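J.: Using the sequences and the hints given, assemble the complete structure.
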Amino acid sequence: MAVPISVTRGQGPVLPEPSALPAGSGNRGRAALGRLTTAIRRNRKATAGVILLALFTLIALFPNLIPHYNPAEIFYGPKCPSCYSAPALVQASPSSAHWLGTDLEGHDVFSQVIVGTRAVLVLALVTGLLTTLIAMVVGVAAAYLGGTWDGVLNLVTDVLLVIPLFPLLIVIVKYAGQSGNVVLIAVLTITGWSYTARQLRAQAQSLRNRDFLLAAKVRGERSFYIIMVEMIPTMTSLLLACFLTNALYAVLAGSGLQFLGLGDPNLVSWGTTLYWANSQGALQAGLYLWEIVPGLCIALLGAAFALLNYAFDEISNPALRPMRASAKRKKVPLATPTPTPAGGRLATDDAHAG
Amino acid sequence: MRFALRRAGFLLITLWAALTLNFLLPRIMPGNPVEAAIASLRVPLTPSEINAIAAQFGVNQHQSLISEYFTYLGHILTGNLGVSFVHYPTPVTSYIATGIWWTLGLVGTTTVLAFLAGTAVGAIAAWRRGSRLDSTIPPLLVFTTAIPVFWVGLMLILVFSSVLGWLPSKGGYSLGATPSFTPAFVGDVLQHAILPAIALLITTIGAWVLTMRNTMVGTLTEDYVRMARAKGLPSHRIMVNYAARNAILPNLTGFAMSLGFVVSGAILIEYVFNYPGVGFMLLQAVESNDYPLMQGLFLLITVAVLLCIVLSDIATAILDPRTRTAS
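Sequence lines, in order, name chains U and E.
For the first sequence, this note's numbering assigns the number 1 to the initial residue and increments by one for each residue that follows.
For the second sequence, this note's numbering assigns the number 1001 to the initial residue and increments by one for each residue that follows.
In short, the hints are calculated from the structure, not lab data.
Predicted model, so just to flag it, every value in this text is computed and none were measured.
Hints may be right or wrong, so weigh each one.
[Claimed, not checked] With beta-carbon atoms standing in for the labels, derived distance ranges: (1) U/S206 / E/F1181: 52 to 60 angstroms; (2) E/L1077 / U/T37: 34 to 42 angstroms; (3) U/V218 / E/R1128: 49 to 57 angstroms; (4) U/L129 / E/I1100: 37 to 45 angstroms; (5) E/I1100 / U/A31: 55 to 63 angstroms; (6) E/I1318 / U/G147: 25 to 33 angstroms; (7) U/L300 / E/G1105: 43 to 51 angstroms; (8) U/I190 / E/A1317: 32 to 40 angstroms; (9) E/V1310 / U/I190: 21 to 29 angstroms.
[As the list claims (entries may be wrong)] Partial chain U-side listing against chain E, Cβ under 7 angstroms, derived: (10) L161; (11) I163; (12) K174; (13) Y288.
Cβ atoms here follow ideal geometry from the backbone N, Cα and C, with glycine treated the same way.
T.: This is the structure we're talking about:
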């Protein structure tokens, strides 16, 4: 039941080198997956994160599992018999028909929350994936190629890292106009990869002089092969951590921009629902749930990513684990029981290291 | 020395990149700044008047993009940021000056508070590994770092303003109050600052605590801490002078950096609370296509960050002898 994830001194988590694992790629993959599930099950933060994420994914994939209306449908109140004008909009406080009430234009808020799940999740996952991909290519290439390449890629990364992103995002998204999720994803991706690129570069640099890479070089493999087949598979767990960091960034920054009314106000998404709630005066009208629930959903989805990230830190760095759990684990010998002082530190400090 | 030169080069390139971005963005994007200005004046103008306005704004319509770029760089170097479209004819610099103190006061104070409190809590949590404090606070803070700050602001308004009616929800001071240094006005300002400050504290304190805790968990296993224990030093001295002192470096450099982001860090909160700072100003500038103001604010924000990087470099060089010898 031990979690044989070794830790390289000072550079965050690494899975065991491929050579240390049984041969056969299918076997290897299954073994790694098995280790991951055990590790997640043993860590309460990871379990909570996985459950939250699974729940939101389920709603995003199958919104019809939960009965809801079309979020564009407009609900009218009872027709006024004595007057000739059109029936009034519902503008309802929460009721059995509208659990979270309706907005001032008569749309059901609960349905917006359910349908909006997909947009937010797509934003988080796609942006997280794309930024991690760019960060991986840039970071690993910079570390492996070294020299001028390293200098140039590093400069680009650092410049992007210190340019104040949020104001820049506001300006770009404002001018990009109302074109839905795609623009938001593109903008967040272009601006958001630099932070994790730095982490990946540090990790790749620590790998550069390892024996298995030297062996590949001596065999005469091309750089591309060495980077893709030899280096990147050893960085899986850090890549996962980077993905989680970037997904959280996408959820928070994307929702923030939508809340400001940037992006597409007609796209059904939690941030836009909050924008309408704020601009139509939900608090003044006493429609509190309209402001509480979408924000809570953003917080829970963000928490899922943050909890998973923190849990992976604990799993890969035994020194950070809660005391009680590590006392129990004493019976089982760890593969490499070296507590690392600086290893797998939390996201925040690396960004400021230079 | 070589390190210092390389850093200076990096900062100059970053500044140049930011300035160029600043110049290009409004020009790449649809819409012409001069047209926007004329539209905002809402009076019919003759061609010569239009040219005069264009010249005023530093947008010469007969100039090529490249010579326009150098004129722009020249203006920036001489501190001429142009004139605000919307608040015509107030120069951008003096308009920004009216907002910067609000932001520095609110966000600057909360940044310092979050850093001090967060570092202290993190150090204590690491020192008492496995205590109730250490097993409850970090998971809670992992959650708070993931909450969107604007929503925390909305919830605080909901509870303390809408339901309880204890605190004001909008603005930097009450409508009708004249800014002055009287106790009544200062109290009014403080009352307006409480909710946005709490929202910022809730969402930013987590990073300080978690970084400090996780770094100090590392330093606690070092030999010098064991040595201090063996010498029989009082435990509070070991905690503060040995473990915490060596763990604080990431937090300190982070603190220097976050001071740079004070100016831009609270745009969402200033928006939620209609706080009269530069973040709210930036949003209004974007909303009303006030290009000179937008560019001025973006410049201010970038320069603030770059200055604080210099500060952080100097602090690291003083505090960490390794960085001096390494270069």
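J.: Now, for every hint given, state plainly whether the structure supports it.
T.: Results for each hint:
1. The given range of 52 to 60 angstroms is respected by U/S206 and E/F1181, whose C-beta atoms sit roughly 56 angstroms from each other.
2. A beta carbon spacing of about 59 angstroms between E/L1077 and U/T37 contradicts the range 34 to 42 angstroms that was offered as a hint.
3. The given range of 49 to 57 angstroms is respected by U/V218 and E/R1128, whose C-beta atoms sit roughly 51 angstroms from each other.
4. At roughly 39 angstroms, the beta-carbon separation of U/L129 and E/I1100 lies within the given 37 to 45 angstroms, and the hint holds.
5. One distance hint, 55 to 63 angstroms for the beta-carbon pair E/I1100 and U/A31, holds here, with the actual separation near 57 angstroms.
6. The hinted range of 25 to 33 angstroms is satisfied by E/I1318 and U/G147, whose Cβ atoms lie roughly 32 angstroms apart.
7. The hint said 43 to 51 angstroms for the Cβ distance between U/L300 and E/G1105, and at roughly 33 angstroms that hint is violated.
8. A hinted range of 32 to 40 angstroms for the beta carbons of U/I190 and E/A1317 is consistent with their spacing of about 33 angstroms.
9. For the pair E/V1310 and U/I190, the beta carbons lie near 27 angstroms from each other, so the given range of 21 to 29 angstroms is met.
10. Against a cut-off of 7 angstroms between C-beta atoms, the interface hint on U/L161 is violated, since the closest Cβ of chain E lies about 9 angstroms away.
11. Hint on U/I163 holds. Least Cβ distance to chain E is approximately 6 angstroms, under the 7 angstroms limit.
12. With its C-beta approaching chain E no nearer than about 5 angstroms, U/K174 sits inside the 7 angstroms limit, and its interface hint holds.
13. Below 7 angstroms, beta-carbon pairs count as interface contacts, and U/Y288 has one with chain E at about 6 angstroms; its hint therefore holds.
Hint compliance for this structure: hints 2, 7, 10 are not met, and every other hint is.
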